[in-house]
Every structure is written in C-alpha cells, then in structure tokens.
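Enquirer: Okay, here's what each chain looks like letter by letter:
There are 2 protein chains.
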Amino acid sequence: MPRPSRSTPLFHPEPEQIDLLEILHALSDPTRMTIVQTLAASPERACGTFPVHVAPSTLSHHFRVLREAGLIRQREEGTRRWTSLRADDLDARYPGLLERILDASHTASPSPTS
Amino acid sequence: MPRPSRSTPLFHPEPEQIDLLEILHALSDPTRMTIVQTLAASPERACGTFPVHVAPSTLSHHFRVLREAGLIRQREEGTRRWTSLRADDLDARYPGLLERILDASHTASPSPTS
Numbered sequence: 001m002p003r004p005s006r007s008t009p010l011f012h013p014e015p016e017q018i019d020l021l022e023i024l025h026a027l028s029d030p031t032r033m034t035i036v037q038t039l040a041a042s043p044e045r046a047c048g049t050f051p052v053h054v055a056p057s058t059l060s061h062h063f064r065v066l067r068e069a070g071l072i073r074q075r076e077e078g079t080r081r082w083t084s085l086r087a088d089d090l091d092a093r094y095p096g097l098l099e100r101i102l103d104a105s106h107t108a109s110p111s112p113t114s
Numbered sequence: 001m002p003r004p005s006r007s008t009p010l011f012h013p014e015p016e017q018i019d020l021l022e023i024l025h026a027l028s029d030p031t032r033m034t035i036v037q038t039l040a041a042s043p044e045r046a047c048g049t050f051p052v053h054v055a056p057s058t059l060s061h062h063f064r065v066l067r068e069a070g071l072i073r074q075r076e077e078g079t080r081r082w083t084s085l086r087a088d089d090l091d092a093r094y095p096g097l098l099e100r101i102l103d104a105s106h107t108a109s110p111s112p113t114s
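Just so you know, the protein sequences line up as chains B and H, in that order. Residue numbers are given in our numbering: position 71 of the first sequence equals residue 71, and the series is strictly consecutive. Residue numbers are given in our numbering: position 71 of the second sequence equals residue 71, and the series is strictly consecutive.
Treat each hint with caution, since some may be false.
As the list claims (entries may be wrong) - Now the in silico label distances, taken between C-beta atoms and shown as ranges:
#, chain 1, residue 1, chain 2, residue 2, range
1, B, D103, H, P9, 44 to 54 Å
2, B, T49, H, P43, 47 to 57 Å
3, B, P9, H, A40, 32 to 42 Å
4, B, E99, H, G48, 36 to 46 Å
5, H, T49, B, P43, 45 to 55 Å
6, B, R75, H, C47, 47 to 57 Å
7, B, L10, H, P30, 22 to 32 Å
8, H, S42, B, A46, 45 to 55 Å
9, B, R75, H, E76, 48 to 58 Å
10, H, G96, B, F11, 30 to 40 Å
11, B, E68, H, G96, 22 to 32 Å
12, B, V54, H, A92, 28 to 38 Å
13, H, P43, B, A46, 48 to 58 Å
14, B, E14, H, A40, 21 to 31 Å
What the hints assert, rightly or not - Under 8 Å between C-beta atoms, here's a sample of chain H residues computed to sit facing chain B:
#, residue
15, P30
16, T31
17, W82
18, G96
These are calculated hints, taken from the structure and not from any lab test. For every residue, glycine included, the Cβ atom is placed at its ideal position computed from N, Cα and C.
This is chain B alone, in the form it adopts within the complex (with noise of 0.2 Å):
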C-alpha cells in the first residue's frame, strides 16, 4: 500500500460523530492509555517525545486509533506531528466521561498476588 503523503489530511472525527465504544477500546491499551495520560498533562507534544518504549510504526498506529477514536488531534507543522488532546470536544460529547477514566487509570494497578 502507498504511503499517504505528508500533504494527505489527517482524518478527525467530528464531535458529534465521537462513538463511545470507540474510545473505550482505544483507551483499553496501556500504550495509549499512557499517550492519554500524558497528553491530559500537557496541552501538545510532539510525536517523538512520549514516555513509551514501541517501535515507531506502532507508534504510529496507537496514534491512529487515538485520532480515529477522537481522542487526540494532530496536525503537522513542517517536518513534525504535533498531538493534542481533544478534551473539550470529549467533554461535550460525554461530560466528566475521560476525567472519570483518567481518575480510575491514576489507581494502583492489581497487585500480581496477594
């Protein structure tokens, strides 16, 4: 398959068009629930300076299921992607929705036996 150019638009779904079921299953990944949280920290990174440890085209797809979801935005500014989260439109479209999960995501993690 051809590689989109850089010039292709980035496809984001419209607000209204943001499906529930959509974000739960981009969220139940812990590479990009870690992208999510560090977007919620800060307003836009860019792509190469996330806190995960995958190759870049699986980067890549995380950012995709992400964008697809819409969760993020991304939007290119010379030779870099810049990434944002899409808090405000998440938060219209299901109030208190992603605060709640990101809430839940700052509990500690299942101890492996007790």
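Following the hints, position chain H against chain B.
Expert: Positioned in the frame of chain B, the structure of chain H alone reads:
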C-alpha cells in the same frame, strides 16, 4: 479442549484485582455493553433473558469476558446460571466510573452522515 463440568467454580477476580484496561476492553463491544446496560436495570437475570441476538457460544464468550474483567458475577442454581452486575465492587475500586460510562452509553449514537 474438554468442556469444563458444571461443577467447576467460575473465576471471579477479587475487587482489588479488577483492572481498568480490562474493564474498558470488556465494555468496548456492543453486545457486552447491552448486557451491562440490561443488568444495570435489574438485580439478577437468567442467562437466556438478555436482549441480544448472538449464538449461545458467542454469548458464553461475552459473559466470560465480562466476568473475568470483574464486571459481572455469575452463580449456578440447578440448571440455570444467574448473572448480576458487580456495581458495588466496581464503585469501590473505581468510584463513579461505571455510572459515567453507562450515562455516556445512553447518549445518542453518532449519526451515519450529516
């Protein structure tokens, strides 16, 4: 693989083992979301009484995913299996999360095109 006998105890995670990402994954499927919505409105139901239209083996799979994620509790009584929502356990572990997701699930679905 041998089918487990009816006397095999069903696995239910302890409340402190309930994992957020597993919950999000479990709820990202429309059939499983319908099961949880249905249970939120009724204390306990027999397995054949859910308004979903999938094959019995598929339904069993969905119940297992929900049970192992900690969203539902199942018990056997004679030849019937009864299912209930673990709302209290979930609320103790992730306060307000399930309620917020269920609220969001009642928001209108995205329009196909506008």
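Enquirer: Hints first: check each against the structure and report whether it holds.
Expert: The hints, checked one at a time:
1. For B/D103 paired with H/P9, a C-beta distance near 33 Å fails the hint of 44 to 54 Å.
2. For the hinted restraint 47 to 57 Å between B/T49 and H/P43, the CB-CB distance of approximately 49 Å keeps it satisfied.
3. Checked against the hint of 32 to 42 Å, the pair B/P9 and H/A40 passes, with Cβ atoms roughly 40 Å apart.
4. Between B/E99 and H/G48 the CB atoms are about 38 Å apart, so this pair conforms to the stated range of 36 to 46 Å.
5. The supplied range of 45 to 55 Å is met by H/T49 and B/P43, whose beta-carbon atoms lie about 49 Å from each other.
6. Checked against the hint of 47 to 57 Å, the C-beta distance between B/R75 and H/C47 comes to roughly 49 Å, which is consistent with it.
7. In this structure the hint that B/L10 and H/P30 lie 22 to 32 Å apart at CB holds, the actual value being about 27 Å.
8. The given range of 45 to 55 Å is respected by H/S42 and B/A46, whose C-beta atoms sit roughly 49 Å from each other.
9. Restraint check, B/R75 to H/E76: a C-beta distance of roughly 55 Å satisfies the suggested window 48 to 58 Å.
10. For H/G96 and B/F11, the Cβ-Cβ distance of about 32 Å falls inside the hinted range of 30 to 40 Å, so the restraint holds.
11. Between B/E68 and H/G96 the beta carbon distance is about 27 Å. The supplied range of 22 to 32 Å therefore holds.
12. Checked against the hint of 28 to 38 Å, the C-beta distance between B/V54 and H/A92 comes to roughly 33 Å, which is consistent with it.
13. In this structure the supplied range 48 to 58 Å holds for H/P43 paired with B/A46, their Cβ-Cβ distance being about 51 Å.
14. About 29 Å separates the C-beta atoms of B/E14 and H/A40, a value consistent with the hinted range of 21 to 31 Å.
15. Against a cut-off of 8 Å between C-beta atoms, the interface hint on H/P30 holds, since the closest Cβ of chain B lies about 6 Å away.
16. Against a cut-off of 8 Å between C-beta atoms, the interface hint on H/T31 is violated, since the closest Cβ of chain B lies about 11 Å away.
17. Proximity of H/W82 to chain B is violated relative to the hint, the smallest CB-CB distance being about 26 Å (cut-off 8 Å).
18. With a least beta-carbon distance of about 6 Å to chain B, the hint placing H/G96 at the interface is held under the 8 Å criterion.
Against the hints set out earlier in the document, violations occur for numbers 1, 16 and 17.
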